[in-house]
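Colleague: Sequence:
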Amino acid sequence: MFVINMETYEKMLEISSSVTRVRLIKLLMQRPRCLSELSDILSITPQAVMKHLAILKKNGLVDYVIPKKSIGLVRKVYRLVTPVQISLDSEEGVDYFQAFKEEELVKREVNIPKERFYDVLQRLEDEKFDLERRLKSIRNKEIRIIKELLNLEVLERQMIRKASNTTFEEILFYTSLSPEFEKELDNLSRYFGLSIDAAKKAIKNLLEKVRSKSILHS
Numbered sequence: 001m002f003v004i005n006m007e008t009y010e011k012m013l014e015i016s017s018s019v020t021r022v023r024l025i026k027l028l029m030q031r032p033r034c035l036s037e038l039s040d041i042l043s044i045t046p047q048a049v050m051k052h053l054a055i056l057k058k059n060g061l062v063d064y065v066i067p068k069k070s071i072g073l074v075r076k077v078y079r080l081v082t083p084v085q086i087s088l089d090s091e092e093g094v095d096y097f098q099a100f101k102e103e104e105l106v107k108r109e110v111n112i113p114k115e116r117f118y119d120v121l122q123r124l125e126d127e128k129f130d131l132e133r134r135l136k137s138i139r140n141k142e143i144r145i146i147k148e149l150l151n152l153e154v155l156e157r158q159m160i161r162k163a164s165n166t167t168f169e170e171i172l173f174y175t176s177l178s179p180e181f182e183k184e185l186d187n188l189s190r191y192f193g194l195s196i197d198a199a200k201k202a203i204k205n206l207l208e209k210v211r212s213k214s215i216l217h218s
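Using the numbering used here, the first residue of the sequence shown is number 1, and each one after it goes up by one.
Be aware that one or more of the hints could be misleading.
Stated by the list, open to error - The calculated lysine to any residue pairs, modelled on SDA-like cross-linking and capped at a C-alpha distance of 25 angstroms, are: (1) Lys58 <-> Thr167; (2) Lys209 <-> Leu185; (3) Lys147 <-> Lys128; (4) Lys76 <-> Asn59; (5) Lys51 <-> Pro32; (6) Lys201 <-> Val65; (7) Lys76 <-> Lys213; (8) Lys183 <-> Asn59; (9) Lys147 <-> Val81; (10) Lys183 <-> Gln30; (11) Lys209 <-> Ala198; (12) Lys209 <-> Thr167; (13) Lys213 <-> Arg161; (14) Lys58 <-> Ile25; (15) Lys200 <-> Ser36; (16) Lys51 <-> Asp40.
Stated by the list, open to error - Label-pair restraints from in silico Cβ distances: (17) Ile112 <-> Ala48: 13 to 21 angstroms; (18) Pro179 <-> Val19: 19 to 27 angstroms; (19) Asn140 <-> Lys58: 31 to 39 angstroms.
In short, the hints are calculated from the structure, not lab data.
These figures come from a predicted structure and were not determined experimentally.
Cβ atoms here follow ideal geometry from the backbone N, Cα and C, with glycine treated the same way.
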């Protein structure tokens, strides 16, 4: 497993310094995608996408394949090499804590009698300790959930790649499983030169083929 913020500081800095690269990783976590699709989703030129992909490829995160001809398909498809845990601030959350002013955070009265000063300070320290302990517990749970999600992602990817003879079939699998099936179906048809009916038929034929294999090997 490649964890972005556990490799090297330089690598993390190079990747996380660009919101576009983080968005690219998130898109490729969903499924393999071609250059024109990434360009349209990110609203930047294909040349700009290529520059970002080159950096991700240099850092061992991304590679590409040229699928075997399938329904006239001949183009590079980019995919993640390994599962990735994104431990970076999202574009919406950059400098989240710094966005608050001190007066917005402190809601308690700070006019404390001199004779109670130390007691109050001690109480604040105890509260801090309790919150840090609770936060650590939440983070530990989060880590366990992330590991479980990554394990499921790995298992899903292994199953799909084992059942797929081509990268195009791999993309068909991801499309059929997507919670946004209609949207992904539209993307599939547009970016790979298929009609909606042809894309649906390709998915149907693939699933029937896999079911037949499963029955034969059960």
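Colleague: Hints first: check each against the structure and report whether it holds.
Modeller: Hints versus structure:
1. Lys58 <-> Thr167: 22 angstroms, holds
2. Lys209 <-> Leu185: Answer holds: lysine 209 to leucine 185 is near 19 angstroms, not above 25 angstroms.
3. Lys147 <-> Lys128: Outside the cut-off at roughly 28 angstroms; violated.
4. Lys76 <-> Asn59: Holds - the C-alpha atoms of asparagine 59 and lysine 76 are around 19 angstroms apart, at most 25 angstroms.
5. Lys51 <-> Pro32: 18 angstroms, holds
6. Lys201 <-> Val65: 24 angstroms, holds
7. Lys76 <-> Lys213: 28 angstroms, violated
8. Lys183 <-> Asn59: 31 angstroms, violated
9. Lys147 <-> Val81: 18 angstroms, holds
10. Lys183 <-> Gln30: Given that 25 angstroms is the threshold and the Cα spacing comes to 13 angstroms, the pair holds.
11. Lys209 <-> Ala198: Answer holds: lysine 209 to alanine 198 is near 16 angstroms, not above 25 angstroms.
12. Lys209 <-> Thr167: Holds. Lysine 209 to threonine 167 sits at ~16 angstroms (cutoff 25 angstroms).
13. Lys213 <-> Arg161: 15 angstroms, holds
14. Lys58 <-> Ile25: 14 angstroms, holds
15. Lys200 <-> Ser36: 21 angstroms, holds
16. Lys51 <-> Asp40: At roughly 15 angstroms apart (the allowed maximum being 25 angstroms), aspartate 40 and lysine 51 satisfy the hint.
17. Ile112 <-> Ala48: 13 to 21 angstroms: Given range 13 to 21 angstroms: violated, Cβ gap about 56 angstroms.
18. Pro179 <-> Val19: 19 to 27 angstroms: 24 angstroms, holds
19. Asn140 <-> Lys58: 31 to 39 angstroms: 33 angstroms, holds
Violated hints, in rising order: 3, 7, 8, 17; the structure is consistent with all others.
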